[in-house]
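Student: Each chain, letter by letter, is given below.
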Amino acid sequence: MAAISVRQLKKVYKVHQKGQGLTGSIKSLFRRQYKHVQAVDGVSFEVEEGEMVGFLGPNGAGKTTTLKILSGLIYPTEGEVQVLGFIPSRRDNAYRRQFALLMGQKNQLWWDLPAVESFRLHKEIYSIEDAKFERVQGELTELLDVRDLLHQPVRELSLGERMKMELIAALLHSPSILFLDEPTIGLDVVAQTSIRKCLREYNERRKVTILLTSHYMQDIESLCERVLVINDGKLIHDGLLADILDRLAGYKVLTLRFQNGRMPEELTQRADVVEVRPPQVTLRLPKSTAAKEASRLLARYDISDLSVEDPPIEEVIAQMFRARDGMAESVVRTRDLS
Amino acid sequence: MKKYWVVFRIALSERLVYRADFFISTFLRFIPIITTILLWKAIFDGSGKAQVGGLAYSQMVSYYLLVMVVRAFGSMPRLATGISTDIRDGELRKYLLQPIDYLTYLVTLRIAHKLVYIVMAAGPYSIVFWLCRDYMPGWPSGVNAVLSVVTLVLALCLGFGINALIGLMGFWFLEVASFIHVFMTAQYFLSGHMFPLGLLPDGVQQWVLLLPFAYETYYPTMIMLQRLETGEALRVIAVQFVWVCVLFVAGRVAWNRGLRRYAAFGG
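Sequences listed follow chains A and B, in order. Residues in the first sequence are numbered consecutively from 1214, following this note's numbering. Residues in the second sequence are numbered consecutively from 589, following this note's numbering.
The hints are simulated quantities; they were obtained by calculation from the structure and are not laboratory data. There could be a bad hint or two in this list.
Here's a subset of chain A near chain B, in silico, CB distances under 7 Å, partners left out [to be verified]:
1. F1243
2. Q1246
3. L1286
4. I1287
5. N1306
6. R1309
7. R1310
8. L1314
9. D1325
10. L1326
11. E1330
12. L1334
13. E1337
14. I1338
Some residues of chain B that are not near chain A, with every Cβ distance over 10 Å (derived) [to be verified]:
15. V695
16. T818
17. R845
Note that the Cβ used here is the ideal one computed from N, Cα and C, for glycine as well.
With these hints in hand, go ahead and build the complete structure from the sequences.
Tutor: Here it is in structure tokens:
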């Protein structure tokens, strides 16, 4: 049986509408107007035990709503949801012991106390046995390299250190399912890498099922083979990440910086220019020819710096949506190039 | 229930982080009373009466001092606002995710906070009471002491029940801050915190004394002031107890209903 199974999930929010200004406020006192917002619109998917799945989509696509439904915080309007055989909205304590939801922008730890105190509280809330608690806490502090910080008040920790502590708190009761909403948001590269590493190792060791949303392509790339892409409440892709990247991101982004700020005109006039910001020019090149073109440009012009990057995930996804909506122009262009 | 015991212990240690400015701020709390007492002195002198609203001047002074003790138990600073902001800002989420009950958790926190406050304030309070010893009623009898402790504990429960219920309104109304402000002012007046309720004209008084607020401050203070017969004191305690039960049931119902609404609306 799948660890997570979602069938024809729909969620409609009733949102209170207020008119503009004072008149609007007064009017809304007497007659409330509501707008129905379809946050999730007929989504179905299954996740097997031990899988790590990335959940992608622009802001407001319905990712967080889905995670909230899966963790029992909100009721679905329609459809069936089962996690580990539980119906999340019933919020059974037995279910609550088996998952964790970690939100990158929310904190669970006690601000004025050392993290270790919050961990002790978790130990009791989740009735974790002493020996197991010691072992798991030891393992995780080792993995994230925060042993020395356990006894420092949380408010004195850096954002990255705090996030690591939050992650430990979320994993202490050895959940079999982990929902992560933007776990690395706002963190520096080192902390991001360390959290990713921890998640990967933890997943391998414990076979924990992970559903993850992130704005950072690297999070998704390094952790998830499979991705669900959601837009406007609808699931538009369920499959391998590699498929999307090959199909849609068949290009590289090349940034050139010119010596002395002198930029050759024929270069700035090219059709594949994305941005000109002296002394920099950014080009979009087909993946297949990117390397060759880069070396040709290096040989020909007086270039002080050059970087080749993957397109940002938002852009890739945005293209995907445009393609779905029939405004396939940019996708077609990318395909032509590749 | 071991988990709430740990919540309790952790809350204790958290409170102790802030002990530095505690001692001074406890004394500062008595300063507004000095103005009130001077005002009453003027009233008594001006009226030329020995008693106002059934209380002599010295009893009036001790009333305000004992109100401070009762409030040390029954006041719930930031409880209502805390609950409503937890609801509004989504902080509630973390309690819904964990196998823990939010309201029991809050009660545990409050008891820990109160305990720390009462223990730490005992010193400063004793000093002030000693300085004002001439105004105070004599040492309480054994019966009165027991009744006082019981009524104080019930005042704490009552304060929690009322304020938690107001905070839970946050499930239905997005912005309850101004409502809470109005409510606090009403509570200040109706509970007898501002002045002894015996001063109210009879017609008003009989209604005000029916409200639970009177049992938060006025009646417990009168018990401590040794102004109530034992029988009357027992009646007060019984009514306090009934109000506590009613409020706890109401709080549970509000919580369950509110949660259903919360889950339907957005979480």
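Student: Does each hint hold? Answer for all of them.
Tutor: Here is how each hint holds up against the structure:
1. For F1243/A, the suggested interface contact is broken, since its CB lies about 16 Å from the closest CB of chain B, more than 7 Å.
2. A cut of 7 Å between beta carbons decides the hint on Q1246/A: the least distance to chain B is about 15 Å, and the hint is violated.
3. The closest approach between the C-beta of L1286/A and any C-beta of chain B is roughly 4 Å, which is under the 7 Å cut-off, so the hint is satisfied.
4. With a least beta-carbon distance of about 4 Å to chain B, the hint placing I1287/A at the interface is held under the 7 Å criterion.
5. Evaluation of the N1306/A hint against chain B yields a held restraint, the C-beta minimum of about 4 Å falling below 7 Å.
6. A cut of 7 Å between beta carbons decides the hint on R1309/A: the least distance to chain B is about 4 Å, and the hint holds.
7. Restraint check, R1310/A versus chain B: the minimum CB separation of about 6 Å is within 7 Å; hint holds.
8. Against a cut-off of 7 Å between C-beta atoms, the interface hint on L1314/A holds, since the closest Cβ of chain B lies about 5 Å away.
9. Taken as an interface hint, D1325/A checks out: its beta carbon lies about 5 Å from the nearest beta carbon of chain B, inside 7 Å.
10. For L1326/A, the interface hint holds, the least distance from its beta-carbon to any beta-carbon of chain B being 6 Å, beneath 7 Å.
11. The interface hint given for E1330/A is met, as the beta carbon of that residue sits about 5 Å from the closest beta carbon of chain B, less than 7 Å.
12. The closest approach between the C-beta of L1334/A and any C-beta of chain B is roughly 6 Å, which is under the 7 Å cut-off, so the hint is satisfied.
13. Here the hint on E1337/A is kept, as its CB sits about 4 Å from the closest CB of chain B, short of 7 Å.
14. At its closest, the beta carbon of I1338/A sits 5 Å from a beta carbon of chain B; the interface hint therefore holds under the 7 Å criterion.
15. Annotated as non-interface, V695/B keeps its C-beta farther than 10 Å from every C-beta of chain A; the closest such distance is 15 Å.
16. Listed as outside the interface, T818/B is consistent with that label: its C-beta sits roughly 43 Å from the nearest C-beta of chain A, beyond the 10 Å cut-off.
17. With a closest Cβ-Cβ approach of about 14 Å to chain A, R845/B is found to remain outside the 10 Å limit, as its non-interface label requires.
Of the numbered hints stated above, those contradicted by the structure are hints 1, 2, listed in ascending order.
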